[in-house]
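This is what each chain is made of:
Number of protein chains: 2
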Amino acid sequence: MTSFNSYPALSARRIRGDNFQTRTIGVFALDTATTPFAVELLLSIEQTAQQAGWNVFILNLLSNPPTDQNVDLMLSHRPDGLIFSAMGLREVTIPQRLKSKPLVLANCVADDSSLVSYVPDDETGQYRALHHAFSQGYRRPLFINLPKKSLAWKIRQAGMQRACQAFGLATGELLQYDLSEHDAYGETAAILERHMIDGRPQFDILICGNDRIAFCAYQLLLGRGLKIPGDVAVLGYDNMIGISELFIPALTTVQLPYYEIGRNAARYLIDGLEVSGAQPVDCPLVVRESL
Amino acid sequence: MTSFNSYPALSARRIRGDNFQTRTIGVFALDTATTPFAVELLLSIEQTAQQAGWNVFILNLLSNPPTDQNVDLMLSHRPDGLIFSAMGLREVTIPQRLKSKPLVLANCVADDSSLVSYVPDDETGQYRALHHAFSQGYRRPLFINLPKKSLAWKIRQAGMQRACQAFGLATGELLQYDLSEHDAYGETAAILERHMIDGRPQFDILICGNDRIAFCAYQLLLGRGLKIPGDVAVLGYDNMIGISELFIPALTTVQLPYYEIGRNAARYLIDGLEVSGAQPVDCPLVVRESL
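Chains as they are written, first to last, in the working numbering: chain E, 179 to 469; chain Y, 179 to 469.
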């Protein structure tokens with residue numbers, strides 16, 4: 179026996195049938211360690227829950243799917259609802275015994291497409307950013323995309339194609355490269371090099387799959403004496419917390435709506451919303467100084 | 179009543195007196211949202227616990243000290259031990275009723291100095307990095323430090339003074355600036371400007387209080403046509419996850435030992451170590467290409 183009897187256990191309160199108990203959201207958090215920049219998702223879950231008088235506890239996952247031990251631990255704490263969150267957009271496997279509870283996915287999609295899931299609207303995000311760039315007059319884009327295997331790749335391609343059609347750009351002739359892996363930022367240098375002649379870029383705007391690619395590009399372009407955006411413009415993606423404010427000049431980028439995704443997921447559980455399937459969440463364009 | 183009776187509740191298992199139960203560490207996590215780069219601390223707590231067959235659950239804190247509700251929620255889950263962690267080194271207030279449990283602090287210090295606390299050894303970290311720089315022949319450093327009110331400021335000054343004494347540099351004549359606030363990276367430009375004449379830096383090495391200052395400096399120096407380290411060297415601090423790999427050329431920096439701090443804190447609880455007070459954890463120098 180332990181000595182915590184002076185503190186009410188949630189389960190003990192439930193056994194008493196106390197209706198005034200605080201309700202609790204249990205959050206599975208996947209990839210937190212490798213994608214620290216999405217912590218706003220967890221923050222907004224907590225703030226939304228707090229405002230509604232609910233509690234939150236978080237169980238980090240070191241692997242997907244969660245182990246039996248992960249599921250046991252989560253369920254032993256008897257949450258009133260579950261959020262399964264991933265810090266980087268991805269497909270996840272939801273163990274069957276979690277599906278009997280109020281459950282919502284945040285920044286991930288499940289193999290079971292009936293589950294409610296809040297995900298970034300990357301199609302509109304990419305479309306809106308490119309529409310803005312083409313409206314500024316840029317016509318010779320060079321793309322350094324996320325790896326082709328990433329979930330966002332295909333979705334953003336659709337947005338890109340829609341923006342190109344709006345401005346009469348032939349998508350077949352675009353200069354497009356995909357990183358081989360998510361952390362292969364070093365490939366940026368070789369791609370830029372291939373499209374420079376006598377130190378001058380043969381593109382007028384660099385479209386980056388994320389802000390980290392943009393950061394590598396900034397140093398490479400500035401190091402060649404080029405001005406951003408005077409000589410070449412740069413467009414990012416993510417509006418990555420802790421990084422986006424470091425660009426000189428400030429980076430125009432698309433915001434991944436981690437905060438909104440977390441809030442929507444929490445509200446789905448708290449308010450008992452009746453929706454099903456994937457719910458796209460708007461990705462705003464953050465206009466700064468790089469184009 | 180809820181319908182989770184098919185899953186064993188931790189408290190129910192305790193009431194049965196089951197000795198084979200998995201033990202659990204409850205983690206308070208402060209500042210996770212604003213300092214996402216320290217998530218390695220949580221990761222290592224989880225991995226260390228997992229290897230020992232312990233569970234972990236995390237309660238993010240939106241304020242310090244934790245609210246009564248935070249403490250109630252944590253204790254209601256009946257953890258076998260507690261870790262109070264902060265993502266940015268700081269002083270925290272530990273509520274009295276947490277002190278009756280096995281408790282350890284990670285990357286923070288308490289008003290109660292008898293509590294066990296694992297913190298970065300910033301004195302040795304700064305000393306070692308500057309000793310390395312001076313050994314390379316650099317003699318005209320410009321410092322852009324963390325804000326003076328930060329806990330690390332005074333500790334690093336001690337390391338700096340020790341390194342200067344070893345090489346006969348008069349500390350009173352050093353070019354030193356402190357950022358006014360933690361996120362005042364924009365001040366970097368004006369400080370550099372003040373020590374450039376005709377586009378040439380009047381310092382041979384820039385010593386940065388963190389990698390973000392270094393990142394701003396890279397763009398400003400490269401944008402002026404200066405080579406790193408050929409024209410001016412740059413030394414960082416933090417080895418910030420997700421940022422440190424983006425520097426071109428790669429940044430020489432001091433590593434904040436988040437992973438080691440988390441591991442030590444978890445092992446303190448799991449192994450029942452007998453230590454007291456602040457335990458400094460080594461901050462290795464990561465030598466790359468910027469000096």
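Everything labelled a hint here was simulated from the structure, so no lab data went into it. A hint or two may mislead.
[Claimed, not checked] Computed list of chain Y residues with no C-beta within reach of chain E, every gap over 10 Å:
#1 Ser292
#2 Leu352
#3 Gln354
#4 Glu423
#5 Ser454
#6 Pro462
[To be verified] Computed footprint of chain E on chain Y; a stretch qualifies when at least three of its residues, placed anywhere within it, have a C-beta under 8 Å from a C-beta of chain E:
#7 232-244
#8 295-304
#9 311-320
#10 330-341
#11 361-368
#12 407-415
Positions of the beta carbon are idealized from the N, C-alpha and C atoms, including for glycine.
Going down the list of hints, with the structure as the test:
no. : hint    : result
1   : Ser292  : holds, 21 Å
2   : Leu352  : holds, 25 Å
3   : Gln354  : holds, 22 Å
4   : Glu423  : violated, 7 Å
5   : Ser454  : holds, 22 Å
6   : Pro462  : holds, 20 Å
7   : 232-244 : holds (count 7)
8   : 295-304 : violated (count 0)
9   : 311-320 : violated (count 0)
10  : 330-341 : violated (count 0)
11  : 361-368 : holds (count 3)
12  : 407-415 : violated (count 0)
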